[in-house]
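Once you know that position 148 of the first sequence is 148 in our numbering, the rest is easy, because the numbers rise by one and skip nothing.
Any given hint might turn out to be false.
[Stated by the list, open to error] Okay, the calculated beta carbon distance ranges per label pair:
(1) L46 x N123: 35 to 45 Å
(2) N86 x K18: 28 to 38 Å
(3) E71 x T38: 35 to 45 Å
(4) T11 x N108: 42 to 52 Å
Treat the hints as calculated values from the structure; they're not laboratory data.
Everything numeric in this text was worked out from a predicted model, so none of it was measured.
All C-beta atoms, glycine included, are put in the ideal place defined by N, C-alpha and C.
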Amino acid sequence: MRKPCCEKQDTNKGAWSKQEDQKLVEYIQTHGEGCWRTLPQAAGLLRCGKSCRLRWINYLRPDLKRGNFAEDEEDLIIKLHALLGNRWSLIAGRLPGRTDNEVKNYWNSHLRRKLVKMGIDPNNHRLSHNHHRLPNAGTASGSATTSASRSHASHPPEKIQGENDQALSDAGSCLEAENHRAMVDLNLDLSITIPSPQTAAIVDEEERRQNEYTISRELEFAPSSTLLLFM
DNA sequence: AAGGAAAACAACCGCAACGAC
DNA sequence: CGTCGTTGCGGTTGTTTTCCT
1 MRKPCCEKQD TNKGAWSKQE DQKLVEYIQT HGEGCWRTLP QAAGLLRCGK
51 SCRLRWINYL RPDLKRGNFA EDEEDLIIKL HALLGNRWSL IAGRLPGRTD
101 NEVKNYWNSH LRRKLVKMGI DPNNHRLSHN HHRLPNAGTA SGSATTSASR
151 SHASHPPEKI QGENDQALSD AGSCLEAENH RAMVDLNLDL SITIPSPQTA
201 AIVDEEERRQ NEYTISRELE FAPSSTLLLF M
């Protein structure tokens, strides 16, 4: 039986105090990021390691860029979401100074609504049925509509199988055809190397990982501006 | 000014991946 | 090669703030 990550009875929960923040920052500045499990005790914090890690990554790290998202950041998030789905850490990785939690929250509170207003289904980045042609859709935040309207990318190609098994099983086989089509669309819109649609439908776990790697690599090396050009 | 609703933000939880042994 | 411990991720919930009536 695995031990829980922290002893529940002796840990603080909820908002962090200034003193706690200070202890954590000082400890990490002195010792660096190390074993999160042992860090709280070493730093004299009554927190579980997970909580410390989250606090550091999301709020205390010196390289964080706080404040409002710029328009180009918004744009990039939308486009990356269309490509990657809810993989916030990957998306955040393309936005210097932003954390996955921040991006996720911003998506849920701002961008999701924004897309809905534009007549775009934020789940799949396609035009909603009741907005077959929205005069200005796609102007406000760039050309998200372009790919969004044609792709079914909330389940990005490389995660069609596996990660979304439950959703897929619910949707049934017709969705596979839909996803299948999305892959073709992605190829058209995003210029991303994806295995042929024929193999995609039956891609196994290993191939899926491989695809994921391919896309990750492309994102890793493609400058943001290049991505913008594609979308 | 007060109260309720909505939005925004912060943090927790559970699970999966990964590495060490 | 299997098991275990740790870390990281994504979903979700709780709290605070802002807006509206």
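Against the structure, the hints come out as follows:
no.	hint	in the structure
1	L46 x N123: 35 to 45 Å	40 Å, holds
2	N86 x K18: 28 to 38 Å	33 Å, holds
3	E71 x T38: 35 to 45 Å	43 Å, holds
4	T11 x N108: 42 to 52 Å	27 Å, violated
In the structure shown, a violation is registered for the earlier hint numbered 4 alone.
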